[in-house]
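K.L.:
In order, the protein sequences belong to chains A and B. Numbered according to the numbering used here, the first sequence terminates at residue 221, and the numbering increases by one at each position without gaps. Numbered according to the numbering used here, the second sequence terminates at residue 221, and the numbering increases by one at each position without gaps.
Note that these hints are calculated values from the structure, not bench results. Mixed in with the good hints there might be a few duds.
[Claimed, not checked] Covered stretches of chain A (in silico footprint by chain B; criterion: 3 or more residues with CB under 8 Å from a CB of chain B, positions within the stretch not fixed): (1) 88-97; (2) 163-176; (3) 206-212.
Beta carbons are placed, not taken as given, at the ideal position from N, Cα and C, and that holds for glycine.
Protein chains: 2
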Amino acid sequence: MKAESKSRKALERRLEIARAAAAVFRRKGFAAATTEDIAGALGMTKGSLYYYFRDKPDILWFCQNYSLDRMLADAARIRRSGAPPAARLRDLVRSQMALMLDELAGTAAHIQTDALDRSRWRKLVAKRDRYEGELRSIVADGVRRRDFRAVDPATAARAILGAVNWTITWFRPGGKRRSDEVAADFAELFVEGLRSRK
Amino acid sequence: MKAESKSRKALERRLEIARAAAAVFRRKGFAAATTEDIAGALGMTKGSLYYYFRDKPDILWFCQNYSLDRMLADAARIRRSGAPPAARLRDLVRSQMALMLDELAGTAAHIQTDALDRSRWRKLVAKRDRYEGELRSIVADGVRRRDFRAVDPATAARAILGAVNWTITWFRPGGKRRSDEVAADFAELFVEGLRSRK
Numbered sequence: 024m025k026a027e028s029k030s031r032k033a034l035e036r037r038l039e040i041a042r043a044a045a046a047v048f049r050r051k052g053f054a055a056a057t058t059e060d061i062a063g064a065l066g067m068t069k070g071s072l073y074y075y076f077r078d079k080p081d082i083l084w085f086c087q088n089y090s091l092d093r094m095l096a097d098a099a100r101i102r103r104s105g106a107p108p109a110a111r112l113r114d115l116v117r118s119q120m121a122l123m124l125d126e127l128a129g130t131a132a133h134i135q136t137d138a139l140d141r142s143r144w145r146k147l148v149a150k151r152d153r154y155e156g157e158l159r160s161i162v163a164d165g166v167r168r169r170d171f172r173a174v175d176p177a178t179a180a181r182a183i184l185g186a187v188n189w190t191i192t193w194f195r196p197g198g199k200r201r202s203d204e205v206a207a208d209f210a211e212l213f214v215e216g217l218r219s220r221k
Numbered sequence: 024m025k026a027e028s029k030s031r032k033a034l035e036r037r038l039e040i041a042r043a044a045a046a047v048f049r050r051k052g053f054a055a056a057t058t059e060d061i062a063g064a065l066g067m068t069k070g071s072l073y074y075y076f077r078d079k080p081d082i083l084w085f086c087q088n089y090s091l092d093r094m095l096a097d098a099a100r101i102r103r104s105g106a107p108p109a110a111r112l113r114d115l116v117r118s119q120m121a122l123m124l125d126e127l128a129g130t131a132a133h134i135q136t137d138a139l140d141r142s143r144w145r146k147l148v149a150k151r152d153r154y155e156g157e158l159r160s161i162v163a164d165g166v167r168r169r170d171f172r173a174v175d176p177a178t179a180a181r182a183i184l185g186a187v188n189w190t191i192t193w194f195r196p197g198g199k200r201r202s203d204e205v206a207a208d209f210a211e212l213f214v215e216g217l218r219s220r221k
């Protein structure tokens with residue numbers, strides 16, 4: 024087996040464990056859940072779980088760090104695309120929602136807790152801030168080019184992030200609307216909301 | 024003392040306790056905080072705290088129920104105003120943000136927990152649903168009158184509520200922008216985002 028495919032397999036296994044862990048966290052709460060519960064839910068031994076993760080907070084860290092890395096990679100791709108601000112904003116909103124609602128749905132990527140140690144916590148906050156900065160730059164660029172109204176980019180970025188982040192509290196796969204339909208509506212609402220009436 | 028002013032005094036006292044309790048909840052976590060901690064933070068005895076609240080979940084219930092009642096009263100006033108949908112949407116967003124960020128800031132109005140008993144929980148959920156329904160009606164009315172684009176009112180309402188609810192995670196009084204400035208920007212973003220290009 025090639026190294027790349029081996030590491031992809033390990034990543035997939037880690038994501039699988041993360042999903043099972045998230046279900047246990049939701050049922051029992053993060054504090055009350057044990058690594059035995061998580062291993063049990065997967066039909067694996069505690070020992071083999073420890074091959075992939077050091078402890079419970081390590082699972083949480085993996086999910087949150089992985090999702091932020093993916094979001095930052097999307098943001099960098101979009102920044103380099105050279106597309107106009109409205110198109111970049113649309114792309115960013117859709118990419119983040121696809122990641123959150125489809126791919127990482129059911130992982131512990133969004134659990135709010137103070138279980139992480141300070142150094143990991145700071146790393147996550149720094150990545151979150153960088154992502155927010157990418158979004159703010161798109162808005163600021165749109166304002167500069169007069170594609171967008173003269174809004175405060177920080178406030179607009181936070182409105183958008185709030186709406187997008189909140190979806191994890193209500194969106195249920197298999198419901199009335201697909202995640203990409205919701206994402207398209209959200210993207211349109213923000214782009215139209217920012218667009219200047221030239 | 025008149026009955027009305029007496030009950031207003033009691034309400035103010037309850038809100039004061041709720042604010043002190045919220046600070047303790049934030050510091051120690053809802054599960055770890057005790058009524059002794061809360062009484063201690065107020066320099067009052069546990070006995071006099073029990074005059075106002077039965078227990079810890081009772082404080083949480085009071086905050087959440089009180090804020091939803093206020094939000095629903097605002098929504099009813101706005102519904103009866105007969106103003107056009109765009110003006111009603113602006114008014115609703117600003118009213119909710121003023122309540123959340125100024126008046127109830129620092130109370131336990133937004134703590135997410137499963138500490139409430141089922142019957143109280145169901146009452147809160149029913150009120151939240153009613154409030155969401157009020158917002159959805161404004162959007163639907165705007166679509167019907169063609170003031171707004173032909174959006175899905177439920178999706179738009181959730182985008183708006185998400186952005187507004189998320190503000191409690193980042194807005195800090197005394198920061199760069201006042202809450203009413205942020206609220207005005209949010210209201211404009213959504214109204215412009217929904218407005219049809221007639």
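K.L.:
Next step is simple, just say for each hint if it's right about the structure.
P.N.:
Evaluated hints:
1. 88-97: With 0 residues closer than 8 Å to chain B, the stretch 88-97 of chain A misses the three-residue bar; violated.
2. 163-176: As far as the stretch 163-176 of chain A goes, the hint holds, because 3 residues have Cβ atoms under 8 Å from chain B.
3. 206-212: holds (count 4)
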